[in-house]
Amino acid sequence: MNKLVDKEIVAKKMPSRIIRNQVFKGLFFLSTLFGLLVLGVLFYRIITQGIGYLDLDFFQNFASRRPENAGIKAAIIGTIWLMVVVAPVSLILGVGTAIYLEEYAKKNKFTSFIKLNISNLAGVPSIVFGLLGLTIFVRALALERSVLAAGLTMSLLVLPVIIVASQEAIRSVSKELREASFAMGATKWQTVLKVVLPASIPGILTGGILALSRAIGETAPLIVIGIPMFVAFLPKTIMDTFTVLPMQIYNWTSRPQAEFQDVAAAGILVMLVLLILMNSIAVFIRNHFQKRY
Amino acid sequence: MPRGNDKEYSVQQMITEKRLKKKNHFNFEKIIPGLLLLTAVLSVLTTIGIVFTLIFETFIFFDRISIIEFFTNKKWYPFSATDASFGIMPLVVGTLKVTGIAAIVAVPIGLATAIYLSEYASEKARRIIKPILEVLAGIPTIVYGFFALTFVTPILKQLIPSLETFNALSPGIVVGIMITPMVASLSEDAMSSVPRSIREGAFALGATKLETTIKVILPAAVSGITASVVLALSRAIGETMIVSVAGGSTPNASFDVTSSIQTMTAYIVQVSTGDAGYQTTIYYSIYAVGMTLFLFTLFMNLFAQFITRKFKEEY
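So the sequences go chain by chain: A and B.
Taken in order, the first sequence gives residues 4 to 296; the numbers are from the working numbering.
Taken in order, the second sequence gives residues 266 to 580; the numbers are from the working numbering.
Source of the hints: derived by calculation from the structure; they are not laboratory data.
Positions of the beta carbon are idealized from the N, C-alpha and C atoms, including for glycine.
All the given hints hold, so there is nothing to weed out.
In silico negatives: residues of chain A with every beta carbon more than 10 Å from chain B: (1) I54; (2) L57; (3) N72; (4) K110; (5) E171; (6) E179; (7) R181; (8) P201; (9) K239; (10) T240; (11) M242; (12) E262; (13) I288.
Quick list of in silico lysine-lysine cross-link-like pairs, DSSO-like style, CA-CA up to 30 Å: (14) K395/B x K480/B; (15) K575/B x K110/A; (16) K389/B x K480/B; (17) K109/A x K295/B; (18) K197/A x K109/A; (19) K191/A x K110/A; (20) K295/B x K112/A; (21) K109/A x K575/B; (22) K575/B x K395/B; (23) K10/A x K474/B; (24) K286/B x K109/A; (25) K474/B x K395/B; (26) K178/A x K197/A; (27) K178/A x K112/A; (28) K283/B x K295/B; (29) K577/B x K110/A; (30) K295/B x K191/A; (31) K15/A x K474/B; (32) K28/A x K577/B; (33) K295/B x K197/A; (34) K28/A x K389/B; (35) K480/B x K15/A; (36) K395/B x K28/A; (37) K109/A x K191/A.
Simulated coverage check for chain B against chain A, where a stretch passes if three residues somewhere in it have a Cβ under 8 Å from a Cβ of chain A: (38) 307 to 320; (39) 372 to 381; (40) 440 to 447.
Could you build all of it, start to finish, from the sequences and the hints given here?
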């Protein structure tokens, strides 16, 4: 009699198949651990290297040629200045685009072109945004190497992040809420402004904070624009030149003296703490204010 | 206008007033979509701006250096005072070396992580591991550059004594680490979207988890996985700070990974931090290099989108 399954062969092969499954499970798990391990080593290295230079002077001093006097004051204040430009510009443009695409845009070629364009913009290397900023903002609009020129360049760079996050947030607002608002006689814009936006604010804020933390860590576009790395003054207006944390860290990293590597580690520590703080706020907002409809 | 008992206030007037009000409202409702459209168009303008600035400045560059020399000359010595030569080949080779090493690191580790998270890990383990990988993806690249130069390079030097301080290997590995979370997370999405019923079908036939993964899940998710790898490699090509800090500034077209190199991005950084004057040939050369870089990444991104759309499996 012909058997569909030869039980003997199956039984003979089963142990090795099970072992192979277990071995590969272990391999997959080890690969997953690799990423976590690297993260651990990276933090450990930076903390042990940089902690020695972290004192009050480090926050109060400007850049210096001597490692023991080097400080991060100009870079921290500069980063805050940059955010003053990037936050409003990118949020207004990003949320506006998201509202348009989700609420107003008709399904036509032009809309899908805008969408395709945004997803491709997200894949453009940041250094190319630097070339755009250099040509348009620094040269053509003659903004020089100012906070404004850098901020506008950064805003364009993080725009896709905010647009996509806001789109998702707006899309997740249920249809019933909108219909209820229309049924009360509200116009489209009233519905968007007073129903849809308040309901999607947590998602938008989370995306906004993530986009801002990307802007804080970006170096390449600012290098291309020509933002200086050795600054011993603070900007007074958005037309003044300035420096930011990653630029200062790059400067310290590329110095030959070994002590400056430790100063760089201290600078990285400050930047990472700032970023972790921002990300925690984003996670907090996501977990506590996100209502499900 | 007074209301109530005032006889002057006729119904006719009320109607016109109401209509006027409505008209104002109507206008407002019409202005808003226009304003919003304007913000949406700005993203298109950004792309147009990028393309046009690159094209214009690159054309000026090609007026001075022929496009044939740019693509065929095998030497990139822009700073030489006597015989400057602009052949992009060494920069492209440098970029591809770093990207290749990054792929060797990121594809296996990223894929294995994705398989573990999607097929083996418990819900609890996934909830812990995924955010940690997100942290890894959110670390600024300058930090990775610092890590490559001060940690990875010294370790590699002990293994390979002939390794130079600046080399392709160390930044390549670190770029690979940087893009691993991207490969892992996008591939995991692709694998998780394979329906449960297909998995159960394989299990019912007596397949082990490994057999199900390799013979059923991976083939079903292959388009998403390919797209994730292509997108991650396009990130690697455009990566700037890691290669600027740890890769060096010696353009060479050899395939030796232990010696100092220069990538396209690192060249743009070198010129930007140096003192090349405005409107010199060197100044325009960064646009030609930027254009090459932009085209590389654009085609890879379009290719990734093409794969996802074309080979999207519908269940």
